[in-house]
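Q: Now for the letters of each chain:
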Amino acid sequence: MRFAIVRFPGTWSDRDCYRVLHDVLGQEASILWHRETDLSGYDAVVLPGGFSYGDYLRCGAIARFSPVMDSVVSFAEAGKPVIGICNGFQVLCESHLLPGALILNDSLQFRCEWTHLRRDGGDTPWASAIPAGDVIRIPISHGDGNYFAEPGTLDELERDSRVIFRYCDEHGDVTAEANPNGSQRNIAGIINRRGNVLGMMPHPERAGEDIVGGTDGNRIWTSLIEAGLAAVR
Amino acid sequence: MPVSQEALDAVALSRAEYEQLVERLKREPNEVELGMFGSLWSEHCGYKNSKPLLRLFPSGGDRVLTQAGAENAGAIDVGGGRCVVMKVESHNHPSAIEPYQGAATGVGGIVRDIFAMGAYPIALLDSLRFGTLDEPQTRYLYDGVVGGIGGYGNCLGIPNVGGEVFFAAPYNGNPLVNAMCVGVADIDKLVSARASGEGSVLLLVGSDTGRDGIHGASGLASRTDPESRFAEMRPAVQVGNPFMEKLLMEACYELASRHSDWIVGIQDLGAAGLTSSIVECCARGRTGAVIDIERVPRRETGMTPYEVMLSESQERMLIIAKPEHVDQVTALFHGWELHCEAIGTVVGGPDVIIREHGEEVARVPWETATEPPEYRRAGERPAEITELNRFDIGSLPDLAPGDASAALLRMLARPNIASKRGVYRRYDQQVLGNTVIQPGGDAGVVRIDETDLAVALTTDCNARLAYLDPYAGGAIAVAEAARNIVCTGANPVAVTDCMNFGSPEKPDVYYTMEQAVRGISEACMEFGTPVVSGNVSLYNERSGRPVYPTPVIGMLGVLDDASKHLGAGFTAAGSPVWLLGADVAQPAPTLAGSEYLEAEHETVAGLPVVDLLAEHRLQQLVLAANDEGLLRSAHDCSEGGLAVAVAESSMLGAHGFESTADFDPGERLDSALFGEAQGRIVVSLRRDSDADRLRELAREYEVPLAHLGQTVEAETFRLGPIESTLPELTYAYEALMRL
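From first to last, the protein sequence lines stand for chains A and B. FYI, the numbering for the first sequence is 1 to 233, going by my numbering. FYI, the numbering for the second sequence is 1 to 739, going by my numbering.
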């Protein structure tokens, strides 16, 4: 597959995503400066983590107006796969491709640590190879990862099976202790109605090789790659 | 008219220094020149008190690519055409006044030193010291400093992989904030901070220049200011903009790695701002320059040349571009959405000339400016040390066996020993995708892209030991750093140092600095680790009392095969556990300067000792054993001694431990469990059968060893008279997180 990895001013997970997609998983990948507007040559778009525009305003609030974002919105509306990781998730929420917002962690502090995520929810090409109930281990690294939405929105997300990942303990139990940032209902990742857009705070690109702590993150990328291959067949 | 004392005080020059300046200039300096010389001749920029001592450091070696002090940081050949660039730097005084921004801009400054060399920063470490936690101000400083380091480093996307946090009363009101940065470059793409070639253009890139940070170098960092002046000094602390720095870092790396033929040099703007960066670049290239100061982009109107030349506004870099490539360099920075202004030109001659609208406002000979007076002072051994060294630890009551389990829990909960997870989880530890060993072990380990290599990184200094014996303390800082490096399977290669002391004008303080430098030098010779860069921070005092002598050692180790890295935790059940370097039994004097002595007897006393030869043999043994694949883990014994080391390995690897039936603490239980004898490493082996080979190797390297016990699946922890469980140990160990 051909992945477009968007680099906003202040993005820092761009190279990490490239490493995993290109070097580890053997996919085609390009890093695109945020002024690029042509996404026609790509099969999937990655909005990586970082501090776009320093996060001096609300996280993602400025990046949302970057030239590339109109194209990303069209790409998503055409049903093509888009993933927003960390700051990318924040940009997707600011762009209204996903509901809700990411607010300051309830600890009021930045948190970088390994977390366990339980696969919940319905179909999405981003997690098609991860059976419901499976637990994967992926790190977080953010100051504003506390998922917030109105109760009605949360109920709708649950009803439509759009909560894809929840923070849990190593056994898969969704507990308050396993919630690293105060996210409502332990939400770590959600999809849009069509299921082609995934936003998640944890960093799958940081769990791509055993020597850096694990490979569970690759299950997300390979879900999409296999789904893409199946579609072609 | 003779210059007023007030004017000299403002720039921290003495009357004698002023007279020397007039003699060398053969005229009186004007106001702008006086400000520039005050900064350049300050301790912070000019090292006038420390330079003669720093020359004692061994600084050369086969792998060393830079001359000591000649560039912004030291560069070391790690093989495969790549080099590692590293340096540690202090931001103590600003952090005492404004902890968040002081620490944040400390990170910003050290990172610029690294990418100014053309390297891409791959790791940060920070070595922090605070007063005691019962002081409310300590908590404010602790939270602010940690927040500032995280706030800046996280935004840059550089992983923080290690460091230390230490609390002691002598740091009350005067915290030490030392930040270390490590970068990687292709050797043939290293950039010098040099101005040369008549007609080369000086480009100022990054932030606009404001009135912040004026007199940071000469004022804040080069004398002792009373706490009552903190409020008025606060404007001398700069405010960081890590987003700007991130763009600068990417742009400078792109320039250096892809277009090195466009430029002559890159220099960061740090202490003393434009003044020091221009003058130092010219001195390195032995050439003059003309600066048109009205071209410097300003944050505010009405700034005088004095203010522009001495501003320490952050996130600025000076690029010395070849004239025919100025447009391309400018376009590159514009591509990253950064300012880039031509502010001057390299000319021949002995002077840096500052003009405002064509009119000369300052003329500074770069040679005089970069050759401040040097002071060789006479040190005097502090009388109190002699007294403390004589203290008979054997006269104290021993630990009762029945109290041993509780004592371990008390020790694990001590802020100096307790887990620092509450600190490092506020730092991004994994960005860039190369972190092999995260903080919490002996040293951070980071893979180098496009090679099989990894580097191991650590900072160390046990300042309590340096206080009791500055020579031994300096040597121990190096020995412990090397031991930490070896415990990850890496070979110690080079050192960067940060010398934190009180006023050098006090003979007893000067003595401790001189002794520490000598101790470091001897240890660096023994381990073959040259000092390739460093920083000095003096005048660290509060109410007339200096901080503990704190010679912080940052060390680099190299693992030729990243997959051979070792962790500190017991990761499997049934592994035999051995102590290398000593027997379990230890005499009372090994409690000298220990955490135990301070915790349980409120005593800081004794005479620390180090045997560098034995230490070196021990480290070679561990490397040899790891090479043969015998080891599953290795962890050094430092603060808290043997009991704490074994408990930490148990907790880190989530496996219990049972000591052998014949565990013999000898005549004193406290020194066996909690003594801090140097040169000891706890290892776990892969197989029972490996013990024979380990014994053989130990004989070969002449290292004593003792069988301690073995790891178990259960959560039990038994070490001699100590009986506990992993949850109990962990609860105590996480005390600092419940602060």
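It is possible that some hints are incorrect.
Stated by the list, open to error - Examples of chain B residues lying across from chain A (beta carbon under 10 angstroms, computed): (1) P159; (2) A168; (3) L247; (4) N491.
Please keep in mind that the hints were generated in silico from the structure rather than gathered at the bench. All values derive from a computational prediction rather than experimental measurement. Every residue gets a Cβ at the ideal spot worked out from N, C-alpha and C, and that includes glycine.
Q: Take the hints in turn and mark each one as holding or not.
A: The hints, checked one at a time:
For P159 of chain B, the interface hint holds, since its Cβ comes within 10 angstroms of a Cβ in chain A; the closest pair sits about 9 angstroms apart. Restraint check, A168 of chain B versus chain A: the minimum CB separation of about 25 angstroms is more than 10 angstroms; hint violated. Interface hint status for L247 of chain B: upheld, as the beta-carbon distance to the closest one in chain A is roughly 6 angstroms, under 10 angstroms. Annotation: N491 of chain B was flagged as interfacial toward chain A, and the flag is violated, the nearest CB pair being 19 angstroms apart, outside 10 angstroms.
When each numbered hint is compared with the structure, violations occur for hints 2, 4.
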